[in-house]
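Q: With these hints in hand, go ahead and build the complete structure from the sequences.
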Amino acid sequence: MQPDVEHGAVMPPLYLSSTYSFADFGKPRRFDYSRSGNPTRQGLEDALAALEGGCRGFAFATGMAAESCALALLSSGDHLVVHDDLYGGSYRLITSVTARMGVQVDFADLRQPGALERALKPNTKMVWLESPTNPLMNLLDLEALGRICRAKGVLSLVDNTFLSPLFQRPLDLGIDIALHSTTKYINGHSDVVGGGIVVRDPALAERIGFLQNALGVPQAPHDCYLVMRGLKTLPLRMRAHHDNALELARWLEKHPAVSAVHHPWLESHPQHALAKRQMRGAGGTFSFRLKGGNEAARHLLTRTKLFVLAESLGGVESLIEQPWTMTHVSMPEEVRRRVGITEDLIRISVGIEDVEDLRADLAQALP
62 MQPDVEHGAV MPPLYLSSTY SFADFGKPRR FDYSRSGNPT RQGLEDALAA
112 LEGGCRGFAF ATGMAAESCA LALLSSGDHL VVHDDLYGGS YRLITSVTAR
162 MGVQVDFADL RQPGALERAL KPNTKMVWLE SPTNPLMNLL DLEALGRICR
212 AKGVLSLVDN TFLSPLFQRP LDLGIDIALH STTKYINGHS DVVGGGIVVR
262 DPALAERIGF LQNALGVPQA PHDCYLVMRG LKTLPLRMRA HHDNALELAR
312 WLEKHPAVSA VHHPWLESHP QHALAKRQMR GAGGTFSFRL KGGNEAARHL
362 LTRTKLFVLA ESLGGVESLI EQPWTMTHVS MPEEVRRRVG ITEDLIRISV
412 GIEDVEDLRA DLAQALP
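Going by my numbering, the first residue of the sequence shown is number 62, and it counts up by one from there.
You can take every hint at face value.
Per label pair, the in silico range of CB-to-CB distance:
| hint | residue 1 | residue 2 | range |
| --- | --- | --- | --- |
| 1 | Glu372 | Arg399 | 16 to 24 Å |
| 2 | Asp167 | Phe83 | 46 to 54 Å |
| 3 | Val396 | Asp107 | 35 to 43 Å |
| 4 | Ser82 | Lys366 | 49 to 57 Å |
| 5 | Ala421 | Ser82 | 52 to 60 Å |
| 6 | Ser391 | Arg91 | 36 to 44 Å |
DSS-like cross-link-like pairs, simulated, lysine-lysine; straight-line CA separation at most 25 Å:
| hint | residue 1 | residue 2 |
| --- | --- | --- |
| 7 | Lys315 | Lys352 |
| 8 | Lys352 | Lys366 |
| 9 | Lys366 | Lys315 |
| 10 | Lys182 | Lys213 |
| 11 | Lys213 | Lys186 |
| 12 | Lys337 | Lys315 |
Hints were generated in silico from the structure; no laboratory data involved.
Since this is a predicted model, take the numbers as computed values, not measurements.
Where is the CB? At the ideal position from N, CA and C, for every residue including glycine.
A: Here you go:
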């Protein structure tokens, strides 16, 4: 983010105007109406593009607005392949809205060799990916999957919310669309909701820009201003999140009340080598399983003091939740169980507080 060109302001100005005057009859200026473009939003969109290494970025009112815009690239009769372990809100949108609009949707475990090739059809237009997945922290080989999509002329999309561009850049791995809930790590302060899309192809950027304006889903200027403020501390925050989370994950691995820890930076993670190859860090969110199932989960979730029982993630404060009853409750029970989202699973978003305090909080709350 560069200083304001006109006045040299170090902090980008906040432009709240909804409309802009024309220079003359038939001569619009760069911005004419804030749904179509706004100087503050443009600053954020340029920053997102630079961070992800794309040609153009887009800022949206929410992460789900960004997802809705991406899915609007599809038409009735198109086919969408989705990795079967994903955020519950994405599952709800795809199955309850996108599929109802005539898009054919198939879910597949894309960790398995050959799974994507088997899932593709002549009318496949997009492949929807998360890596790491929410909440199971499974990884997908983005470079390999992107290569298959390019060979077949299929758009590839990766939800990069869990890692931010600091720890993973999907476009560098051959993916077409990087998507974010900027509510999370990019903003980092739990005080604004937003979404982001970055692409590397100018023609695709034109399509998304048209949809962003036509659907009326861009982010408001004040919210863009807050996200840009958060971006200024992204490297410091992400390294602190990573360090704290990894230390807690190693400690939880040895705790007698814990049966498994899902964290890609642990040597015990089945895709640890892939994590080291395509990621530069693991962020602050991971999950673990408790011995004792739902009762053990209730015991933990009602006794933490620093870890706040709440949905969302990526803020400077630590949060804890049970995906079974919270973030993924919109998924049918049989789907949750099939992919491994069960009552014993706990997801934590580790903040940047003192790690000894966080460890002490978990120690006193665990059964």
